[in-house]
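Full structure from sequences and hints, please.
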Amino acid sequence: MQKSKNRNVFKRIFSIRGVGQVVTVTIGLIMLCVVFALLNPNFTSPRNTNNLLRQIAPFLIVGIAQSYVLITGNIDLSIGSVLGMSCMISATLMTKGMDPWTASVITLGCCLLVGVLNGVLVANCKLPPFIATLGTMTIARGIAQIVNNNMNTDSIGEAAKGFRDFFYYGKFMGIYSTVIIAIVLWIIFDFILSKTRTGSHIYAVGSNIEAAKLSGVNVSSVVIKVYMVSAFCSGIAGLITCATGGLGTMDSGNSFELYAVAASVIGGVSTLGGQGILLGTVVGASVWGVMQNGLSLAGAPVALRNIIIGIIVVISVLADVVVRSGKWNRKTKEVSATDAPQIEKRN
Amino acid sequence: MQEYIVELQGVSKSFPGVKALDNVQLNLKAGEVLALLGENGAGKSTLMKILSGVYTKDIGEIRIFGNLIENINPQKAQELGIAIIHQELNMCQHLSVAENIFLGREIVRGGRLCRREMNRQAKEVLDQLNIAIDPETIVGKLQLSKQQMVEIAKALSTNAKVLIMDEPTSALTSKEINDLFTIIHKLRENGHGIIYISHRLEELQYIADRVTILRDGQYITSMNYADTSLREIISYMVGREIKEKFPRVDCEIGDVIFEVKHLNAGRLVRDVNVSVRQGEIVGIAGLMGAGRTETTRAIFGVEPKTSGEIWLRGKKVAIHCPADSIRAGIVLVPEDRKRDGLCVKLSIRDNIALPNLDILCNKLTMVKRRTKVIMADKAVYDLKIKLPSTDVDAASLSGGNQQKVVVGKWLARNSKMVLFDEPTRGIDVAAKVEIYNLMNELKRQGIGVLFVSSEMPEIMGISDRIIVMCDGRVTGEMLIADATQEKIMDLATRFENKMNQVTA
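Residue numbers (this note's numbering), protein chains in the order written: chain V, 1 to 347; chain C, 1 to 504.
Since the hints were derived computationally from the structure, they do not count as laboratory data. Virtual Cβ for every residue (Gly too), placed ideally from N, Cα, C. Check each hint, because a few of them may be wrong.
Unchecked claim - Selected chain C positions facing chain V (Cβ under 10 angstroms, derived; list incomplete):
| id | residue |
| --- | --- |
| 1 | Leu-332 |
| 2 | Lys-338 |
| 3 | Asp-358 |
| 4 | Leu-360 |
Quick look at the structure:
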């Protein structure tokens, strides 16, 4: 009796879409942490834990960005460049003496414009998302370089102390503010994705765009929205980067769009769309951050770190593909048996 | 025995749940054009796929040039000289004519492609057929009719003796059809055997020597074209007894509730007028490619309309996109549920909720979970959908249950007019009856039902009024009391006679 009841609880947890993958990856994450803790006891020190969380936060934020886009079956390659653009625009405005908060709002506005552009190119002009966002990626990087005449900015100075504390150095209840920002963003966007109408539409568009259209979903508006979410999150990540260094650097955010893909995909978001939950992205981003932090603590040289992380990404996704393909075969067989004659009837 | 180059005897083929071919025979002589005729689903394509090795037969004999052939596969069929020219051409659009003709059998000398030789040989074949195409042209730049000729040339260059043409004229203009027929005549003189599949019966007089007629997977008859008439052919094509029982409900017919006036949308929807009265089911009959699906999609706002009006219960509704249509209460159960109807990776509950999120959301656009669960459970209960729980993927259900989910998502909101496009395709008999009952129930509730079907018995069994379409136009309309299969078939094959325009 006891056993069957347990199984029911299990079943209920697993019946939430996407939780299965998240649980497996979480187990992997815990194992990773154990290994790193054994390699270097400092790994679990409160100081490092806090640092680690702060390291994970930007990955999580861009991961949320990419997950939104991936779930609709598209991709956003402009994330890293928008991050760099955000960092440079905000820093430039602040060094010119603008109030940091006004500068932040203007910066986010610029980022949202890139998001709208991405969305319109993909949804209305029907460009393949890979190409469209490759274009905006280059454009945004160009803007990042041009705002301060192709130079990194000077320090944003003392006036911006509040800004730097808010985005990076401050602590709230013993936790770095960056982490709090990431968690707040995650709560908001997870709520939108799992509980609201827009969220349902995002999954429907990624699962079957034709069926979504025929169910009255305004597909273009959904696609534009996810690109705006993506650009907004990238913009926030850019402000965090600016606050971290206290200056704008032109090449900040390089390759972040791909780290974001990695965080999403490790967490179980399908690059084909329609599948994945943001809780998975949290775990995926954590795996990424733990690898970076743990390997450097263990004294691995950068090159080796990259190789190991690359291998982990491929293996985690491969494992998922293998598991899922087994499942799919069974299902499609069932269905095809009843559908075979249908094809025949079309003379 | 040498007389026939292809002989099929007693061929049967079953797919799970359906007997596609039952003891079918077919003979083809050298130097003749055999028209293979039958309604949608009669088994023409299946038979040709068996002959060309795509499918394997369950039982039966295939003799080619008098030799018994076992275990035919596409490659072997090609070696035996059987070539099939599909309705949708299979060409590499970016390669040249010669490259396409020699695809897979490229002439190589010393490890290098020998383009000059390939171009020369391609030119030779094309010249044989009097086709003026430069072998170095890129195929994608040719008109469809020319591409088709290249495909024929490709077949000939493999020394094909038997050519199967599946609806070759459906996309051609009258001039192009003329050219094609000239080529077919030439092939016939050269001793090739041609199996010609077409719905356009009026074309047969120009090319057919004999006809073979299939119906519902069975062989009906073969005869010389000269000894028969179109009327006789049609009566053989449709002359089935309708044995199945359809649940019929008679309601009092009321006022017109739904009207489509002068709808135009592309080539396949031309000046379509349709009306549905309270308490009746209207069926749209027609052959494949008659524009029925396109009509439903244009009404629903998926395809843009060039002109036309839609009236619902005395009010004109402007429909520019599906959302407009849904808001007005006109909904569509699409033809291909996997492609257009369901998000197969999402749960049944999400699928049912998808078009109804406007009802399910509170002011903050937050989805009310409880209402959503109740809505899904109600749809499952009302439509008797068999499933373990509404949490499972839509892909895991059987075809019939998937179809019910698609219907269920529309009935969860108070729709006023339901368009069904081939609602029973690919589902088993019991599920079909349930769908019919459902349509009757809608009719009883005063909801308008318009349904497209390619199955004649279903059309005759369920509708109260039948509209027949052919080639994008409505060619006739009748009450069920006046309807006969012959009448419907006759109207469904009323193509605008392209050939007359040429000869005139």
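Cross-check of the supplied hints:
| no. | hint | result |
| --- | --- | --- |
| 1 | Leu-332 | holds, 6 angstroms |
| 2 | Lys-338 | holds, 8 angstroms |
| 3 | Asp-358 | holds, 8 angstroms |
| 4 | Leu-360 | holds, 8 angstroms |
Figure legend: structure checked against the earlier numbered hints; every hint is met.
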